[in-house]
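Asker: Here is how the chains run, residue by residue.
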Amino acid sequence: MPVTAIPPEHADDPGAPGFAAKIDTETKIEPKDWMPDGYRKTLVRQMSQHAHSEYVGMLPERNWLTRAPSLKRKAQLLAKIQDEAGHALYLYSAAETLGTSRAEMLDALHTGRAKYAHIFNYPVLTWADIGTIGWLVDGAAIINQIMLCRCSYGPYARAMERICREESFHQRQGFEIMVTLCQGTAEQRRMAQDALNRWWWPVLMMFGPHDSASANSAQSTAWKIKRQSNDDLRQQFVDMTVPQADYLKLTIPDPDLRWNETRGHYDFGQIDFEELMRVVSGDGPCNRERLGARVKAHDDGAWVREAATAYAAKRRTRAKAA
Amino acid sequence: MSEAASADWPLWEVFVRARQGLSHKHAGSLHAPDAEMAIQNARDVYTRRREGESLWVVRSTDIIASDPDDKGSLFEPAESKIYRHPTFYTVPDEVECL
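The listed protein sequences derive, respectively, from chains H and Y.
Throughout, our numbering is defined as the position within the first sequence, counted from one, plus 10.
To convert, note that position 18 of the second sequence is 15 in our numbering; the numbers rise steadily by one, no gaps.
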């Protein structure tokens, strides 16, 4: 049976035809509209995971704030990290429109029940990694997020538009770091190549498993949450990135990578999806470190939240007395 | 939920005026303990790139919204009144400034 916008258990629901019509005519679904339980659940999961990824995404870069090679690079990295925090906040707010709370989502992250993008569990060893993250990790994220701007849920699509607008600077600052390194000394070029070697395959995994192995793809596609397949997005990324690597005179670490004239696309090698599953489920190089840092930041910030609450309470009391 | 999770601060809707002469437009929402801190947070979250020069914050619970189910009774009456639009009227080609 083909997967449709209305799952069988909602077939007789009075809200169902209206929902199906909206999906059909590309009308956005808004928070107060009727929606299937699965649609709500899928979005809460996806949007909170997306928010967690933005949030945790700040952590790999923070070590390089004090080690950036110049004041200009430091200011840029600081602005990028601040954007990631902002993007997490947009997405948490958007997810809250579906009835979950910020406290619930953070608790799920901090207790390890919620997932976030596996890519942030890899170590950031050199300054060239910062360049590569901006160029490739943000580049891959943008491809996925441009698709999500057309997602059927209004608040998610709107958050994505804003995020895409802001994130193109992230990718460009990363590429600029790579250009600088690749035009530098032999050691700097080696550093750039080494970073590409370590990040290339994990970045390709960011688009998720093959469509044939992706459990929720068909339903998400029927709901127009997902508008393009994992493999199509990955292909788009590879086609876009190979010429950029060529410009940098860097070698993509894939012996099977070659232009396929017939397909009009680059062919590329097999991705180790077992590694993806391993890292997603908690066993990557830095999972414990990242989650530990996130929990510590939350705990260490408790006094700030308490102080803000106390300050607000004091001002309310004074306003009443006056 | 574990002990660490506590109740959220109130939710505020943020409106940003891009520049003088334009109306404030909804930008998003955020949590803050009071209005003053909501303004400060809104500045950091929604105007990092000179998106505006004036902010409004409103407690989300203070916004009264129409029910999507009432869409028909509220807005359908306007649909049949196309004579409220200038394009409804026929004007001779040779007449100008109308």
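Hints are computed from structural coordinates only; laboratory data are not their basis.
There could be a bad hint or two in this list.
Derived, one-sided and incomplete: chain H residues facing chain Y with beta-carbon distance under 10 Å [what the hints assert, rightly or not]:
1) Q59
2) Q92
3) Y100
4) S103
5) G109
6) R112
7) W211
8) N297
9) E299
We treat Cβ as the ideally placed atom computed from N, Cα and C, and that holds for glycine.
Asker: Mind checking the CB of Q92/H against every CB in chain Y and telling me if the closest is under 10 Å?
Answerer: With Cβ-Cβ at 7 Å, under 10 Å, it holds.
Asker: Min Cβ distance, S103/H to chain Y: is it shorter than 10 Å?
Answerer: holds (5 Å)
Asker: Was the hint right that R112/H lines chain Y, CB cutoff 10 Å?
Answerer: This hint holds: R112/H lies near chain Y, its Cβ roughly 5 Å from the closest one there, short of 10 Å.
Asker: Minimum Cβ distance from G109/H to chain Y below 10 Å?
Answerer: With a closest approach of 13 Å, the G109/H hint is violated.
Asker: Regarding the hint that N297/H lies at the interface with chain Y, is the smallest CB-CB distance below 10 Å?
Answerer: Since the shortest Cβ distance to chain Y is 19 Å, the answer is violated.
Asker: For the hint on Y100/H, just tell me whether its beta-carbon gets within less than 10 Å of chain Y.
Answerer: This hint holds: Y100/H lies near chain Y, its Cβ roughly 6 Å from the closest one there, short of 10 Å.
Asker: Holds or violated: Q59/H as interface residue toward chain Y, Cβ cutoff 10 Å?
Answerer: violated (18 Å)
Asker: Does W211/H hold up as a contact with chain Y if the rule is Cβ-Cβ below 10 Å?
Answerer: violated (33 Å)
Asker: Given E299/H as an interface hint, is the shortest Cβ-Cβ distance to chain Y below 10 Å?
Answerer: violated (19 Å)
The structure does not agree with the numbered hints 1, 5, 7, 8 and 9 stated previously, though it agrees with the rest.
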